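Now for the letters of each chain:
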Amino acid sequence: MNDSQLSVDASARASTAEIPIFEARRISKSYGHVEALIDTNFEVRRGEVVGLLGDNGAGKSTLIKILSGVVQPDSGEFFREGRSVDISTRKKSEEDGGIQTIYQDIALVKSMSIMRNIFAGREPTNALGFMRVKEMRSTAMEILDEYVRIAGITSPNILVEELSGGQAQAVAIARAVHFKRDILLLDEPTSALSVRETEKVLNIMRELADAGVSCVFVTHNLYHAFRVCDRFSILAHGQNVRDCKKSETSLNELTDIIMTH
Amino acid sequence: MTETAKPDIQARYRQISLVDRIRTHPAGPVAVVFVVMLVLCTLYALANPTSFYFLTKGNTSLVLRAIPNFGIVALGVGLLMIAGEFDLSVGSVYVAAPFGMAFAYANGVPLAWAILFAYSIAICVGLVNAFLTLKFNIPSFIVTLGMLFIVRTSAPYLAGHTRSLVIKLPPDFKAALTKNLWGFMPAQFLWFIGLAIVAYLILNRHFLGNHFYAAGGDKRAARFAGINVAWTKTIAFVLCAMFATTSGILQVARSSKAETNPQLFIELFAVAVCVMGGLSLFGGRGAVIGIVLGAAVLQLIQDVIILARLPGFYLDMFVGIAIVLGVVMNAAVQKRY
Numbered sequence: 144m145n146d147s148q149l150s151v152d153a154s155a156r157a158s159t160a161e162i163p164i165f166e167a168r169r170i171s172k173s174y175g176h177v178e179a180l181i182d183t184n185f186e187v188r189r190g191e192v193v194g195l196l197g198d199n200g201a202g203k204s205t206l207i208k209i210l211s212g213v214v215q216p217d218s219g220e221f222f223r224e225g226r227s228v229d230i231s232t233r234k235k236s237e238e239d240g241g242i243q244t245i246y247q248d249i250a251l252v253k254s255m256s257i258m259r260n261i262f263a264g265r266e267p268t269n270a271l272g273f274m275r276v277k278e279m280r281s282t283a284m285e286i287l288d289e290y291v292r293i294a295g296i297t298s299p300n301i302l303v304e305e306l307s308g309g310q311a312q313a314v315a316i317a318r319a320v321h322f323k324r325d326i327l328l329l330d331e332p333t334s335a336l337s338v339r340e341t342e343k344v345l346n347i348m349r350e351l352a353d354a355g356v357s358c359v360f361v362t363h364n365l366y367h368a369f370r371v372c373d374r375f376s377i378l379a380h381g382q383n384v385r386d387c388k389k390s391e392t393s394l395n396e397l398t399d400i401i402m403t404h
Numbered sequence: 003m004t005e006t007a008k009p010d011i012q013a014r015y016r017q018i019s020l021v022d023r024i025r026t027h028p029a030g031p032v033a034v035v036f037v038v039m040l041v042l043c044t045l046y047a048l049a050n051p052t053s054f055y056f057l058t059k060g061n062t063s064l065v066l067r068a069i070p071n072f073g074i075v076a077l078g079v080g081l082l083m084i085a086g087e088f089d090l091s092v093g094s095v096y097v098a099a100p101f102g103m104a105f106a107y108a109n110g111v112p113l114a115w116a117i118l119f120a121y122s123i124a125i126c127v128g129l130v131n132a133f134l135t136l137k138f139n140i141p142s143f144i145v146t147l148g149m150l151f152i153v154r155t156s157a158p159y160l161a162g163h164t165r166s167l168v169i170k171l172p173p174d175f176k177a178a179l180t181k182n183l184w185g186f187m188p189a190q191f192l193w194f195i196g197l198a199i200v201a202y203l204i205l206n207r208h209f210l211g212n213h214f215y216a217a218g219g220d221k222r223a224a225r226f227a228g229i230n231v232a233w234t235k236t237i238a239f240v241l242c243a244m245f246a247t248t249s250g251i252l253q254v255a256r257s258s259k260a261e262t263n264p265q266l267f268i269e270l271f272a273v274a275v276c277v278m279g280g281l282s283l284f285g286g287r288g289a290v291i292g293i294v295l296g297a298a299v300l301q302l303i304q305d306v307i308i309l310a311r312l313p314g315f316y317l318d319m320f321v322g323i324a325i326v327l328g329v330v331m332n333a334a335v336q337k338r339y
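Chains as they are written, first to last, in our numbering: chain A, 144 to 404; chain B, 3 to 339.
There's no promise every hint is true.
Restricting the straight-line Cα-Cα distance to at most 30 Å, the calculated cross-link-like pairs of lysine-lysine (DSBU-like) are [said to hold, decoys possible]:
1. K388/A x K208/A
2. K137/B x K235/A
3. K137/B x K253/A
4. K235/A x K221/B
Honestly, the hints are just simulated from the structure, not real lab data. Nothing here was measured: the structure is a model prediction, and the numbers come from that model.
Generate coordinates for the entire structure from the input sequences, incorporating the hints supplied.
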């Protein structure tokens, strides 16, 4: 694991804090007559957890799909550390945009082992395409050990369907982090989890952010968002209605903003 | 990324215990059935050496020669099943591709080229199956059912309505494929084991195997992980047809005769073997050892019926019962999740 990638030292963080690690500017998208996004801006800074909030129909899903390269906007620009980037496919979103999207249900193949899942689509192989199984196994264990630390995962050979929702979520996050993306985009990661598991996933997000991996936390649950986010970006009817730091707002105010729009 | 994990990490992640591995392994049930059948047959044969010839060299040789026939076809069908698709056309490829080889060889084409011709027929059928299934999003069950009929009639048509071809293969070639070693070990069986190892290496040691399991287990998740699902399945279709061709060539080498009359139901036998062996009909689950043991169990049943001198029509019935029981048992085991 590349340590420099994760633990950005304080001075570096301060100097890069001015340029967002990722920025989407004036994004618009219509489906027929429905304007899902209207000149929406969104930015992510290094080492922060951003809450992308809003009620149903606010445009959150459309924005997520655009950021992950699944949907193309009608207009708008994207910048990674100030440089214009193309994120029009999933591959480009991941490699050029540095964004790893974790969807709730389809992050992992349930009938496969944790190890097979971690390396699905990016198996370390020799020239003939045979996998370096030993390396995969030890890397899988390191990944589980380094980022997840969730009780109950005793072997990388366990099938994902045997894990709880929280454990599976954690594995998906660990995989994304290991493959060195700057930003994790988590779509409703806590909606299907128990209270205890939710707590764990929130803690993982916090730890990742502190280690320099930014997280975009998309959720309906304002309590969860308020517990873990550094900043909030609130959408309503496809437009930015508020963008503020945690210190500038309160849970009640966030609730009011979403309710009144 | 280091070659071996730090020892303290290694220690924290224990290996899954052997009992747990057998319990959770997809081939667990069929392995138990196989061992029980083998023990019972052996004990009964020891008790009745004059009437139940199970342990004779002749019987062993017979069983071991019969298993590879549908077993090798099942290996291919199994790989494809794990990747989430079916192939019924193997029944025809099994006949048509070796017929193509025999036809070419009988008309003066060197053997190596004739074999290559057989495999190119297989690859073409596999590609057509894959194209129709994936391009038009049709269930492979239906596509390959159609191909089963099409390929079956195309061989005799192209060969001028010949029904069977007797060919004289080089003795070395014939011996390498079908020689009976030490009186009880037909070379076909060794080829079968060799091909099973190849299938195992593909599934468990090659990145393709990882992609097969992912594409069959959850198409959308596989796509999200960056796997080209269509390409992966296409390779599986082609491999499947190639395995069927290999089995057909062994059969032709054994009898020195290529027929266009199909061996009935070999495609369904292959599916049955896979399902008995613990492969999921929905894809993404299963292991090669299950296919091997499934083939062995199916042949053991047939052998017992013959040795016990039961009327022939019981054979299909018992095979049918075994298949249904096998599926029920696997479903019961998988329900734990």
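The hints, checked one at a time:
{"no.": "1", "hint": "K388/A x K208/A", "verdict": "holds (25 Å)"}
{"no.": "2", "hint": "K137/B x K235/A", "verdict": "holds (25 Å)"}
{"no.": "3", "hint": "K137/B x K253/A", "verdict": "holds (26 Å)"}
{"no.": "4", "hint": "K235/A x K221/B", "verdict": "holds (20 Å)"}
Violated hints for the displayed structure: none, as all numbered hints are satisfied.
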